[in-house]
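Here the protein sequences line up with chains Y and R, keeping their order.
Taking my numbering, the leading residue of the first sequence gets 22, the next gets one more, and so forth.
Taking my numbering, the leading residue of the second sequence gets 171, the next gets one more, and so forth.
In case anyone wonders, no lab produced these hints; they're calculated from the structure.
Remember, predicted model here, so these are calculated numbers, not experimental data.
The beta carbon of each residue, even a glycine, is placed where N, CA and C say it ideally should be.
Heads up, some of the hints might be wrong.
[Said to hold, decoys possible] Here are the in silico distance ranges between beta carbons for each label pair:
#	chain 1	residue 1	chain 2	residue 2	range
1	R	HIS267	Y	ALA101	36 to 44 Å
2	R	TYR275	Y	LEU264	46 to 54 Å
3	R	ILE185	Y	VAL39	53 to 61 Å
4	R	SER242	Y	SER170	49 to 57 Å
5	R	HIS267	Y	GLN250	20 to 28 Å
6	R	ILE287	Y	TYR188	39 to 47 Å
7	Y	SER136	R	HIS267	54 to 62 Å
8	R	CYS282	Y	SER232	52 to 60 Å
9	Y	ASP242	R	PHE178	53 to 61 Å
[Unchecked claim] Derived PhoX-like pairs (lysine-lysine); straight-line CA-CA distance at most 25 Å:
#	chain 1	residue 1	chain 2	residue 2
10	Y	LYS218	Y	LYS166
11	R	LYS175	Y	LYS33
12	Y	LYS280	Y	LYS291
13	R	LYS175	R	LYS246
14	Y	LYS33	R	LYS265
15	Y	LYS33	R	LYS246
16	Y	LYS292	Y	LYS218
17	R	LYS293	Y	LYS32
18	Y	LYS217	Y	LYS291
19	Y	LYS32	R	LYS246
20	Y	LYS291	Y	LYS166
21	Y	LYS32	R	LYS265
22	Y	LYS166	Y	LYS182
23	Y	LYS145	Y	LYS287
24	R	LYS293	R	LYS246
25	Y	LYS99	Y	LYS292
26	Y	LYS257	Y	LYS71
27	Y	LYS71	Y	LYS292
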Amino acid sequence: MNTKPIIMNYKKHFLSSVALLVFGILFYGSTPQKNATNVMAPAVQRIPAKFDFIPPSRSKMASTDITIAVVKPMYVDKNAEYFVPPFNEMATSMGNDFEELLTAKGFTVRGPFGSRDEMTFNDKNSSSFILEISIDLQPHYNREKTTFSHAPSFSDLLINKNAPTTYSYKINGEVTFGGYLVINARSSRYGELIWKKNIALQPSSFNYVGSFTWDGIPNMDEELNRDNQVYNTVSKELEKYYLKALNLAWQQIDPEEMKTVAEQGKKADKKN
Amino acid sequence: MSFMKPFFLILVPLILGTCIYAIARPESTIVLSGRGMTKAFKLPSWVIYNLPDGLWLFSLLNCLYLIWHRNSSRTKLIWIMSAFLLAVLTEVFQKYHIITGTFDYVDILAYCLALIISSVCNKF
Numbered sequence: 022m023n024t025k026p027i028i029m030n031y032k033k034h035f036l037s038s039v040a041l042l043v044f045g046i047l048f049y050g051s052t053p054q055k056n057a058t059n060v061m062a063p064a065v066q067r068i069p070a071k072f073d074f075i076p077p078s079r080s081k082m083a084s085t086d087i088t089i090a091v092v093k094p095m096y097v098d099k100n101a102e103y104f105v106p107p108f109n110e111m112a113t114s115m116g117n118d119f120e121e122l123l124t125a126k127g128f129t130v131r132g133p134f135g136s137r138d139e140m141t142f143n144d145k146n147s148s149s150f151i152l153e154i155s156i157d158l159q160p161h162y163n164r165e166k167t168t169f170s171h172a173p174s175f176s177d178l179l180i181n182k183n184a185p186t187t188y189s190y191k192i193n194g195e196v197t198f199g200g201y202l203v204i205n206a207r208s209s210r211y212g213e214l215i216w217k218k219n220i221a222l223q224p225s226s227f228n229y230v231g232s233f234t235w236d237g238i239p240n241m242d243e244e245l246n247r248d249n250q251v252y253n254t255v256s257k258e259l260e261k262y263y264l265k266a267l268n269l270a271w272q273q274i275d276p277e278e279m280k281t282v283a284e285q286g287k288k289a290d291k292k293n
Numbered sequence: 171m172s173f174m175k176p177f178f179l180i181l182v183p184l185i186l187g188t189c190i191y192a193i194a195r196p197e198s199t200i201v202l203s204g205r206g207m208t209k210a211f212k213l214p215s216w217v218i219y220n221l222p223d224g225l226w227l228f229s230l231l232n233c234l235y236l237i238w239h240r241n242s243s244r245t246k247l248i249w250i251m252s253a254f255l256l257a258v259l260t261e262v263f264q265k266y267h268i269i270t271g272t273f274d275y276v277d278i279l280a281y282c283l284a285l286i287i288s289s290v291c292n293k294f
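The task is simple: from the sequences and hints, build the whole structure.
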């Protein structure tokens, strides 16, 4: 019996198996970082923050016979992120909602004014006192970066053989908001402080994950401006903070107490 | 069989696929790591991500045709189709996350083209 063809066949099967194994390793080794040609990461849409407070009840309009001049809420600190959305949007909305809150309590409202200096003599004369609102958010950011290194490309090396490795970063972190809503009442003519209320806000923390890849380490305001995912996360938490703050302010502002404040304001202005 | 046919049908696609991989893919791929050359060549993404796989399968199929060229069609067909189905199955496994990687239907298209072209080349 001629065994040569049988042996040849076994050799061929063996060679074919080896070829399959080698190519299999080649295929498998090529898989991890492949990007499918038609898959695109969906862009994160920015969801505009909605700061809106609806008073739980409404008294008869101007029922208290007190006119309050409201100065627009401002942040106590001058953090860079306070000047970008959603923080600046929150401050603007708070001024409008405070006007609505006070009107619902039965006060007549003037303003909101940018500052006490913006008020005319007539505005000051017509007001029982001035209400200034300060937002002392006391934010705490615990941010971490993930670093990606990029070796110089072949073309970079052709131009400069000492071309450096570049780095990019992704940021994630934990943010805590807390602090106080500070409400000051000042006499309308001379601005004497006649009443103060610090409304403590319970600290709340949340995590965020940035979707942007940065060339350098960004500040919080840069993240809020350019990374929609970060904006959406922070604005959602700020909306909750806003409602809690205004609900507490609603509870704390009592028309009867404000009548006393108005009388104190008149006395303070007379003294001066 | 002359040397030219195995050279052009097996070695050249294998080397070409590997070169495209080495030059154009991100450096973190397992096959070749080292100094990245990702930005050097502005190639379409199908050339970077799908052509190497198609070339490798083409090379493998031609290798199997070479091994089995004197044998019956049945044995040859079994090996050829096994190699092709193995390649397609890796894509299917990636789709269902059984193995690492990203499912891409263009890869399956590349495999089909590799099968057709290698079949045509080995008829002549």
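Here is what the structure says about each hint:
1. At roughly 42 Å, the beta carbons of HIS267(R) and ALA101(Y) sit within the given window of 36 to 44 Å.
2. In this structure the supplied range 46 to 54 Å holds for TYR275(R) paired with LEU264(Y), their Cβ-Cβ distance being about 48 Å.
3. The hinted window of 53 to 61 Å between ILE185(R) and VAL39(Y) is violated, with their beta carbons roughly 19 Å apart.
4. A beta carbon spacing of about 55 Å between SER242(R) and SER170(Y) agrees with the range 49 to 57 Å that was offered as a hint.
5. In this structure the hint that HIS267(R) and GLN250(Y) lie 20 to 28 Å apart at CB holds, the actual value being about 24 Å.
6. Between ILE287(R) and TYR188(Y) the C-beta distance comes to about 43 Å, which sits within the given range of 39 to 47 Å.
7. The supplied range of 54 to 62 Å is met by SER136(Y) and HIS267(R), whose beta-carbon atoms lie about 59 Å from each other.
8. The supplied range of 52 to 60 Å is broken by CYS282(R) and SER232(Y), whose beta-carbon atoms lie about 36 Å from each other.
9. Taking 53 to 61 Å as the suggested C-beta distance range, the pair ASP242(Y) and PHE178(R) conforms, at roughly 60 Å.
10. Of the supplied pair hints, the one linking LYS218(Y) and LYS166(Y) is violated, its CA atoms being roughly 39 Å apart against a limit of 25 Å.
11. About 19 Å separates the Cα atoms of LYS175(R) and LYS33(Y), which keeps this hinted pair within 25 Å; it holds.
12. Restraint check for LYS280(Y) and LYS291(Y): the C-alpha separation of about 17 Å stays at or below 25 Å, so the hint holds.
13. Restraint check: the Cα-Cα separation between LYS175(R) and LYS246(R) comes to about 18 Å, which is no more than 25 Å; the hinted pair holds.
14. Distance hint between LYS33(Y) and LYS265(R) is unfulfilled; the C-alpha atoms sit about 33 Å from each other, more than 25 Å.
15. Distance hint between LYS33(Y) and LYS246(R) is fulfilled; the C-alpha atoms sit about 10 Å from each other, no more than 25 Å.
16. Between the alpha carbons of LYS292(Y) and LYS218(Y) the distance comes to roughly 23 Å, so the proposed pair stays at or under 25 Å and holds.
17. Our distance criterion of 25 Å between C-alpha atoms is met by LYS293(R) and LYS32(Y), whose separation comes to about 24 Å.
18. Of the pairs offered as hints, the one joining LYS217(Y) and LYS291(Y) holds, with about 20 Å between alpha carbons and a cut-off of 25 Å not exceeded.
19. A hinted pair counts as satisfied when its Cα atoms are at most 25 Å apart, and LYS32(Y) with LYS246(R) qualifies at roughly 14 Å.
20. Of the pairs offered as hints, the one joining LYS291(Y) and LYS166(Y) is violated, with about 58 Å between alpha carbons and a cut-off of 25 Å exceeded.
21. For the hint pairing LYS32(Y) with LYS265(R), the CA-to-CA distance comes to about 35 Å; that exceeds 25 Å, so the pair is violated.
22. Between LYS166(Y) and LYS182(Y) the CA atoms are separated by roughly 29 Å; this puts the pair beyond 25 Å, and the hint is violated.
23. Between the alpha carbons of LYS145(Y) and LYS287(Y) the distance comes to roughly 11 Å, so the proposed pair stays at or under 25 Å and holds.
24. Restraint check for LYS293(R) and LYS246(R): satisfied, since their Cα atoms lie roughly 13 Å apart, inside the 25 Å limit.
25. Distance restraint check for LYS99(Y) and LYS292(Y): the Cα-Cα separation of roughly 34 Å exceeds the 25 Å cut-off, and the hinted pair is therefore not satisfied.
26. Taking the CA atoms of LYS257(Y) and LYS71(Y), the gap is about 9 Å. The hint holds against a cut of 25 Å.
27. A threshold of 25 Å between alpha carbons decides the hint, and for LYS71(Y) with LYS292(Y) the separation of about 44 Å lies outside it, so the pair is violated.
Hint violations for this structure: numbers 3, 8, 10, 14, 20, 21, 22, 25 and 27, all remaining hints satisfied.
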